[in-house]
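Engineer: Protein sequences, first through last, are from chains A and B.
For what it's worth, this note's numbering labels the leading residue of the first sequence as 35, then goes sequentially.
For what it's worth, this note's numbering labels the leading residue of the second sequence as 35, then goes sequentially.
Bear in mind the hints are in silico, worked out from the structure with no lab data behind them.
There may be inaccurate statements among the hints.
Identical chains blur together in the list; that is why a pair holds if it fits in one copy or across any two.
Heads up, simulated EDC-like pairs for lysine to aspartate or glutamate below, C-alpha to C-alpha not over 20 Å straight-line [what the hints assert, rightly or not]:
# : residue 1 : residue 2
1 : Lys67     : Asp196
2 : Lys112    : Glu189
3 : Lys193    : Glu383
4 : Lys112    : Glu179
5 : Lys136    : Asp284
6 : Lys66     : Glu383
Number of protein chains: 2
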Amino acid sequence: MKLGERVKKIFDVILAHNELKAEAFLEVLIGKKPLFVCVIGTTETAKIPGISAAGKYPELTDYTPPADVELLLLGRCKCITGVPVTPEGIPTPALITMSAIKLANMPTIVVSGGLKINPRVPFLDLGGKPGGDIRAGETVQNAEEILCRAKIAGENLSKMADYLVVGESIPGGTTTALGVMLAMGIDAKGKVSSSMPNNPHELKIKTVEEGLKISKVEFGALAKNPMKAISCVGDPMIAAFAGLVHGAADKVPVLMAGGTQMGAVLAVINAINPNVLNNVAIGTTRWIITDKSADLKGIITQIADVPILAADIDFSRSKFEGLRAYEAGVVKEGVGAGGAAIAAMAKSEGSITKDTLLREIERNYERLIASK
Amino acid sequence: MKLGERVKKIFDVILAHNELKAEAFLEVLIGKKPLFVCVIGTTETAKIPGISAAGKYPELTDYTPPADVELLLLGRCKCITGVPVTPEGIPTPALITMSAIKLANMPTIVVSGGLKINPRVPFLDLGGKPGGDIRAGETVQNAEEILCRAKIAGENLSKMADYLVVGESIPGGTTTALGVMLAMGIDAKGKVSSSMPNNPHELKIKTVEEGLKISKVEFGALAKNPMKAISCVGDPMIAAFAGLVHGAADKVPVLMAGGTQMGAVLAVINAINPNVLNNVAIGTTRWIITDKSADLKGIITQIADVPILAADIDFSRSKFEGLRAYEAGVVKEGVGAGGAAIAAMAKSEGSITKDTLLREIERNYERLIASK
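Here chain A stands alone, though its shape is the one from the complex:
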């Protein structure tokens, strides 16, 4: 979509899709107390060269999710020096999330779907293991158990806040999301976003097609078997995220904070318990909804009648090149950045704006990166 004058905003939040529902959803959140939940996981799929920019080089992707959540909870990383960066040195969107959490004083819980490296901060363990390489088949061993335990966590967390904001960090996540969507019959080819400026659609499609082939799964064959779709061509984050929403959205609104990967999570929830989707919206960034190399709306409308909100974050006038790069289409979203920004604006009833947020992000950028 193009952002013209006709796009409606509340505070600095764009009602990007399904405007009336989006407005109603956002109205409910104003002044209320959110709980930010960050679901993390890692896979071998992320290490296929060219798939992920969530790490300086492929092997480092194992450290990106734990480092991201350390940044959220501690204000700095412990398992790596500095912060996670793309191969070009552009910093993690966790910088945005952390700034929003700090400004709005939001409580935060980390949930692991399955990790190779554990974060050095408290995290909810669901008994999951890191995912394999989808080209080898059976990438997630215990998707059903992860989903079940995540549902219990979601039920309990829903009693601790007025609403949940759930974000994620899993390198290679748009590829495994594409896998789950194709297995479940959602036409997402060429529609998923990328953290790179040049979206490697061909490589993602080729990778997923190899995964589907070795698992003997045709397009749409697993429309009613989301657990098998995750096991064959997905990742442990999707199972954990879907379980959390499944457990929580019965009781409180849930803002699913992410980009096109949310399509895979939405498809899984839709197959398990479509009723809870009445209490769900997608919260993302302006960079995702203006991304010409992807189509979030085109994915979501195939699945469910869910609104999309987007934080109107703008780095074009930042004094730091590493932040201005976001405007050129690098990174775009992740670690629930858009949703956390929306929640910060809603909680503060608009007193946190895109400008105050940018100033806080720049302060943290300066402290963590520019001074190195």
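For this one, chain A is given, so just place chain B on it according to the hints.
Structural biologist: Quick look at chain B alone, frame taken from chain A:
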């Protein structure tokens, strides 16, 4: 103490010590929203024959804490069949906690200090490992790190509720608590409770003295070094529990739900940050405060000016022998049973009474045990 007519109660909560402070603390909780946190851990110390009754036989103590929290979150155990029992077959106090949580619809979070067997429900991992046998020295390897991470968890959890109720489940816990207290100069010999009707004080003291000797620690030598006290003769639960209270009690009241083990936790917090103890009370059961083989008050008064509340639970007229056994001094407390009962009464503004609680406990007893 003896419970005479002169003991003051609010609802079915006994103001057992430091009456004015206890009353003021309880008043603040009425109608408010608690979060129940259960800290679990296991040690090799618990497997010394005769030390612990938290399991049918010593090796089973590894399964008791995970089974206890499964009961809290699922209403049944998964890692064992039935529920944890003493060697005589008397059921776990988690039955009381679970009933209180259910009646009052309290959100619950499990925190692991270090476990041999993980529960099959979500739990907050702090990077801790199970404790060793204190007679071999260096039982907890990373007490400082567990405490630090627990503090971060406590800070975040304190933003999600009006107050916290923190309970624990760790077999052999009164022995390791005795160890920490003696190392820190608190005269707790002959004062800690037991889950057995005949409190094995001699064995506990002998075990701790062996631990102190091998660690070359004299009585009181570690008064200002609580982390070393935990490392030498403590357990991982104490580090996690103390960190949680340290992180949370700055912001919200914390009800420390347990018996004489709370003395060790209190001593650790008192050495780190005594200020937060103004926002803390101990919540336990009537069985602990009437226990003639132990002296909770005699321990607490050596450490800090903290009030004690006790749930006036009474099983003497229960139709089940396994519950009536509690009146003979078996089990007494654990898994935050007393504190959870107090929170349920306070949250419901007294509409949950000792009688409604007993009926719910009996219903769960019947479903889980009597029908086997």
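Engineer: Please go over all the hints and tell whether each is borne out by the structure.
Structural biologist: We went through each hint and held it up to the structure:
Taking the closest pair of Cα atoms, lysine 67 and aspartate 196 come within 20 Å of each other both inside a single copy (5 Å) and across two copies (13 Å). With identical chains, the CA atoms of lysine 112 and glutamate 189 are at most 20 Å apart between copies only, with a shortest distance of 18 Å across copies and 30 Å within one. In this assembly of identical chains, lysine 193 and glutamate 383 lie within 20 Å of each other by CA distance solely across copies; the values are 19 Å between and 22 Å within a copy. In this assembly of identical chains, lysine 112 and glutamate 179 lie within 20 Å of each other by CA distance solely across copies; the values are 12 Å between and 30 Å within a copy.
Taking the shortest Cα distances, lysine 136 and aspartate 284 sit within 20 Å of each other only across copies (18 Å), while inside one copy they are farther apart (28 Å). Proximity of lysine 66 to glutamate 383 under the C-alpha cut-off of 20 Å is restricted to the intra-copy arrangement: shortest distance 9 Å within a copy versus 25 Å between copies.
This entry satisfies every hint, going by the numbered hints stated previously.
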